[in-house]
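Protein chains: 2
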Amino acid sequence: AKPKVGYFHAQDNSYLKEFDELYNKKVKEIKSAPVVIKEEENSIYDAIVTLFLEDVGSVFIIDSNEALVGVVSRKDLLKMTIGETNINQIPVSVAMTRMSHIITITDDDTVFEAAKKIIDYEIDVIPVVKKIKKDSKERLKVIGKVSKTNITRVFVDFRLDI
Amino acid sequence: AKPKVGYFHAQDNSYLKEFDELYNKKVKEIKSAPVVIKEEENSIYDAIVTLFLEDVGSVFIIDSNEALVGVVSRKDLLKMTIGETNINQIPVSVAMTRMSHIITITDDDTVFEAAKKIIDYEIDVIPVVKKIKKDSKERLKVIGKVSKTNITRVFVDFRLDI
Numbered sequence: 263a264k265p266k267v268g269y270f271h272a273q274d275n276s277y278l279k280e281f282d283e284l285y286n287k288k289v290k291e292i293k294s295a296p297v298v299i300k301e302e303e304n305s306i307y308d309a310i311v312t313l314f315l316e317d318v319g320s321v322f323i324i325d326s327n328e329a330l331v332g333v334v335s336r337k338d339l340l341k342m343t344i345g346e347t348n349i350n351q352i353p354v355s356v357a358m359t360r361m362s363h364i365i366t367i368t369d370d371d372t373v374f375e376a377a378k379k380i381i382d383y384e385i386d387v388i389p390v391v392k393k394i395k396k397d398s399k400e401r402l403k404v405i406g407k408v409s410k411t412n413i414t415r416v417f418v419d420f421r422l423d424i
Numbered sequence: 263a264k265p266k267v268g269y270f271h272a273q274d275n276s277y278l279k280e281f282d283e284l285y286n287k288k289v290k291e292i293k294s295a296p297v298v299i300k301e302e303e304n305s306i307y308d309a310i311v312t313l314f315l316e317d318v319g320s321v322f323i324i325d326s327n328e329a330l331v332g333v334v335s336r337k338d339l340l341k342m343t344i345g346e347t348n349i350n351q352i353p354v355s356v357a358m359t360r361m362s363h364i365i366t367i368t369d370d371d372t373v374f375e376a377a378k379k380i381i382d383y384e385i386d387v388i389p390v391v392k393k394i395k396k397d398s399k400e401r402l403k404v405i406g407k408v409s410k411t412n413i414t415r416v417f418v419d420f421r422l423d424i
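Chains C and Z are the protein sequences, given in the same order.
Residue numbers for the first sequence follow the working numbering, beginning at 263 and rising by one.
Residue numbers for the second sequence follow the working numbering, beginning at 263 and rising by one.
Just chain C, with the same shape it has in the complex (with noise of 0.2 Å):
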């Protein structure tokens, strides 16, 4: 971390601030809808047809409650499909990655925040989730999600709009 030693102008607004307008831009500016299936309902072939009718690289899993409780990716239904015969017959919940593996966050965090995260995490999309109560038990709901496309695409336009 090189030392930033300046006098700015009045009128300049500040390089340091125009750094926050892209490092803390809020998720709910720049995250994609989300793609559900119900848990009950979908079997591994349905995950991945889901997956190219709606051509994203991950879907999520809700319970009947509306409650986030996993995420396939292309990677896992790929596994899926070279191990097994009859992903028509498998539900898809034995194909994801469960909700304790699964990393989070809110509208309210920043783009830095995400991406640190899938960096991190080594991970491909993040769930953007709120808190529901249902039967007074406190539940995600996935409202949203941001991939490295997402980062990607703030990257970009940011320069242009510079």
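These aren't lab readings, by the way, just hints derived from the structure by calculation.
Since no wrong hints were added, every one of them can be taken at face value.
Restricting the straight-line Cα-Cα distance to at most 30 Å, the calculated cross-link-like pairs of lysine-lysine (DSSO-like) are:
no., chain 1, residue 1, chain 2, residue 2
1, Z, K378, C, K288
2, Z, K392, Z, K378
3, C, K287, Z, K379
4, Z, K300, C, K341
5, Z, K290, C, K287
6, C, K379, Z, K378
7, Z, K290, Z, K337
8, Z, K341, C, K300
9, Z, K288, Z, K396
Take a look, some chain C residues computed to stay more than 10 Å from chain Z by CB distance:
no., residue
10, K290
11, I352
12, S355
13, K392
14, K396
15, G406
Under 10 Å between C-beta atoms, here's a sample of chain C residues computed to sit facing chain Z:
no., residue
16, K378
17, I380
18, I381
19, D382
As the structure is a computational prediction, the values presented were derived from the model and not from experiment.
Quick reminder that beta carbons are idealized off the backbone N, C-alpha and C, glycines included.
Let chain C serve as the given structure and place chain Z on it in line with the hints.
Here is chain Z on its own, set in the frame of chain C:
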């Protein structure tokens, strides 16, 4: 594009220059090693095995002259595994995106140029190439790759450094 008006102290190094350090970083400084397999000897199954062994999202395909001829992604391979039963007998070339459709970059392009191509062409990874001459024909050799992971890492590392 907002006007930037300001006076900078000589020691300041200017924050515009700081932005350059982020966006004009060269591809060669941030690229990763590419994973390559030969077109002739490899089936779709082989490509999938390579993808898991190397833990990458895409594999580059080269010919007997070491020239780049194609690329296969998890998405390409997943599509094949659900459509075809005998992925052991189908050459990887059937699933790959061919050279005429591949976007490339070079070592001296900037991180911004790489990121912009990734967004504009909706791709996950760009091969970094250099020209080689074989039998008096000019071909491209793949000497690296830049993916959304590399861009996200640059984004994070730059912030940690300021």
